[in-house]
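2 protein chains.
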Amino acid sequence: MALIVHKYGGTSMGSPERIRNVAKRVAKWARAGHQMVVVPSAMSGETNRLLGLASELAPSQAKSSYYRELDMLASTGEQASSALLAIALQSEGMDAISYAGWQVPVRTDSSYTKARIESIDDVRVRGDLDAGRVVIITGFQGIDPQGNVTTLGRGGSDTSAVAIAAALKANECLIYTDVDGVYTTDPRVVPAAKRLGTVSFEEMLEMASLGSKVLQIRSVEFAGKYKVPMRVLSSFTPWDIDLDEEAKSGTLITFEEDEKMEKAVVSGIAFNRGEAKISVLGVPDTPGIAAGILGPVADANIEVDVIIQNISKDGKTDFSFTVNQGDYQRALELLRDKVAPALGASEVVGNQNIAKVSIVGIGMRSHVGVASTMFRTLSQEGVNIQMISTSEIKTSVVIDEKYLELAVRSLHTAFGLDKSE
Amino acid sequence: MALIVHKYGGTSMGSPERIRNVAKRVAKWARAGHQMVVVPSAMSGETNRLLGLASELAPSQAKSSYYRELDMLASTGEQASSALLAIALQSEGMDAISYAGWQVPVRTDSSYTKARIESIDDVRVRGDLDAGRVVIITGFQGIDPQGNVTTLGRGGSDTSAVAIAAALKANECLIYTDVDGVYTTDPRVVPAAKRLGTVSFEEMLEMASLGSKVLQIRSVEFAGKYKVPMRVLSSFTPWDIDLDEEAKSGTLITFEEDEKMEKAVVSGIAFNRGEAKISVLGVPDTPGIAAGILGPVADANIEVDVIIQNISKDGKTDFSFTVNQGDYQRALELLRDKVAPALGASEVVGNQNIAKVSIVGIGMRSHVGVASTMFRTLSQEGVNIQMISTSEIKTSVVIDEKYLELAVRSLHTAFGLDKSE
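Order-wise, the sequence lines are chains A and B. Letter by letter, the first sequence follows residues -5 to 415 in the working numbering. Letter by letter, the second sequence follows residues -5 to 415 in the working numbering.
In silico DMTMM-like pairs for lysine to aspartate or glutamate, Cα to Cα no more than 20 Å straight-line:
{"no.": "1", "chain 1": "B", "residue 1": "LYS57", "chain 2": "A", "residue 2": "ASP89"}
{"no.": "2", "chain 1": "B", "residue 1": "LYS18", "chain 2": "A", "residue 2": "GLU50"}
{"no.": "3", "chain 1": "B", "residue 1": "LYS57", "chain 2": "B", "residue 2": "ASP321"}
{"no.": "4", "chain 1": "A", "residue 1": "LYS57", "chain 2": "B", "residue 2": "ASP122"}
{"no.": "5", "chain 1": "A", "residue 1": "LYS22", "chain 2": "A", "residue 2": "ASP236"}
{"no.": "6", "chain 1": "B", "residue 1": "LYS57", "chain 2": "A", "residue 2": "GLU86"}
{"no.": "7", "chain 1": "A", "residue 1": "LYS18", "chain 2": "B", "residue 2": "GLU50"}
{"no.": "8", "chain 1": "A", "residue 1": "LYS18", "chain 2": "A", "residue 2": "ASP172"}
{"no.": "9", "chain 1": "A", "residue 1": "LYS57", "chain 2": "B", "residue 2": "ASP89"}
{"no.": "10", "chain 1": "A", "residue 1": "LYS188", "chain 2": "A", "residue 2": "ASP172"}
{"no.": "11", "chain 1": "B", "residue 1": "LYS57", "chain 2": "A", "residue 2": "ASP122"}
{"no.": "12", "chain 1": "A", "residue 1": "LYS57", "chain 2": "B", "residue 2": "GLU86"}
It is worth saying that the hints were derived from the structure and are not from the lab. As the structure is a prediction and not an experimental result, all values here were calculated from the model.
All chains should be built: construct the whole structure from the sequences, respecting the hints.
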């Protein structure tokens, strides 16, 4: 008997029929003797519907009191789907109970719309589990020290599930989703992409941060911090497939590099179309120039990803970095209107037609020449590299967006990731 | 400056446009210097949508664990509309905050789907009011001693509003609804029906219990118990009408019979099509016969309204009572299969084509002959009376449903309630 946490996304909870299938699947696990905790997302479309009503009423306001109300509003979606799942489980003959975040409680800080979980009380849930109940806990939400409802931000249900699994010391946290696991790259771009049976936590973290949409990055961070074994698997398999088969399906995110792990140097190719590049040209190359440019950007709450500073020439240098597309205009204006004049830079230019491609693999730690294989492959395909960023287990390049598919496909082949026919 | 509670029904909250109008109206009151608490219902259709999802998943189960989940589900409707109203008020430049029932908290017992309010903590709300905030409190819901979400049942938002007004010792509780006040009878049946400027609490209580749909009966009970001045008025007047005019519109439910009150002996004619009659015929007339029949009915949780026992003849008697249409079949079967055989009754007959018509007025206390005027009027119209029930301030008769409109119209005229042209 194990304590298992299941997380179901909005698509899996998208209709009464699908909720019934989730209930049947959970009941199967419970009947096999497992203690079950389930974390459902809101029914697909529901969070957008609610936030759409809010935006019909008022333009977004950068005020805490406004974000507080958005959280009150958005949190109702998960509460409703949790209650519906409890009803479906009861109808399957299971004893089931649902809890909103504040009832557990899932304690968070007060950063409305993007709160961070601080602690989870396991007393109430454990009591129910010991009494033989299936416990459903709303994902995506919690309660702050003042008793206000908070949400974790989009995709936060993954994080809720992992945090709950950590608090309960669950044996495994299963993330049921609309893909059947983690792939070497996006199969829509490279049909030869393979599903990974296992992937290390560090690789998953890089992939999530580099643009793979399978898991929300904070959930992976949580899993790493608390060593929660986490599995990504499909919610579209029939609910009545053999439990042992289901329990081994998908991709397991592991914390130990054991013998069975796949030995590829590079485990996957991640990419991200969602960034834009900004360059500040002709900046006098004095100490503190990076802080002079990036300080105001950070103060404006704009996240910066890849950063490069060119070598100095005639006492001047160029400074480039990438930001999310959503922050691009704001960052550009800030730099043009305030930062560049203050620093005496000659020009600020931007480019939204870029893409970031990354190779990821813990094997890179012990293998030399991985990055150069990447650069050579891209060069052979005529793809110009605009920026490079490296870490211990990944190398990222920024390229012209039009070469994205070509780059990903050729790297996938070059690192031996293509499915063997 | 006064402390005012506004309550808005589902129709008034039915769309972003309508929510914006509610916000403008509330803002007008707040800007006039009043401390404002607002209790909104769920957007119209929302509670039905949610409960519809539940019934798609599972047939209704008479289990506390099931009702608990229904409350978790249904309570989300009011939470969402409260947050939306807060956002709309903020967009009008007001400082506004919404609270779910558990946040206030509004404490109830644990009777899921029909909980009763036990107490309301006013500390948090009063702090916000003193800080100049408009406070929005979800109607219809509360929290039980174990921290579970409860709902008060359909129409419970009226009760929430009055209970909150009582807890805060509000100067007045304004119930904004889709009618512009309490009428002498339903204007759809009697076009000559007049709006009452004031009505006594006791009359309102009788009217509500006799079928008038304007106010939920428990809200009137609450208003009576805590002496909360309560006003029913239209939410469809333009939001920017003069505040003094708005404050005097609708119908005020009063607790004092002051000089200004209308002096009619009968204040209104209430009616109810929602009951059915059951008669147990030829019961041996022994002591305890009423308990023998009504005991099992009460045990089956079926509410009984008008009851009459015929005079005994040859040691046998007939016993009749009315129940809600929804309980009719169940009551009939219970009596036929269990009760009648046990008591040796000869027959059980039922009739769904009945209606109850009542005259209500505190003037009846001090005027004789009111009931006989009623009976004479009906007799002149050829309406046969099947059952009679009286109290200090009302007389009800059960008649054939087909005479309902005729009876109501003729009584309305007979008691001088018609609008003077």
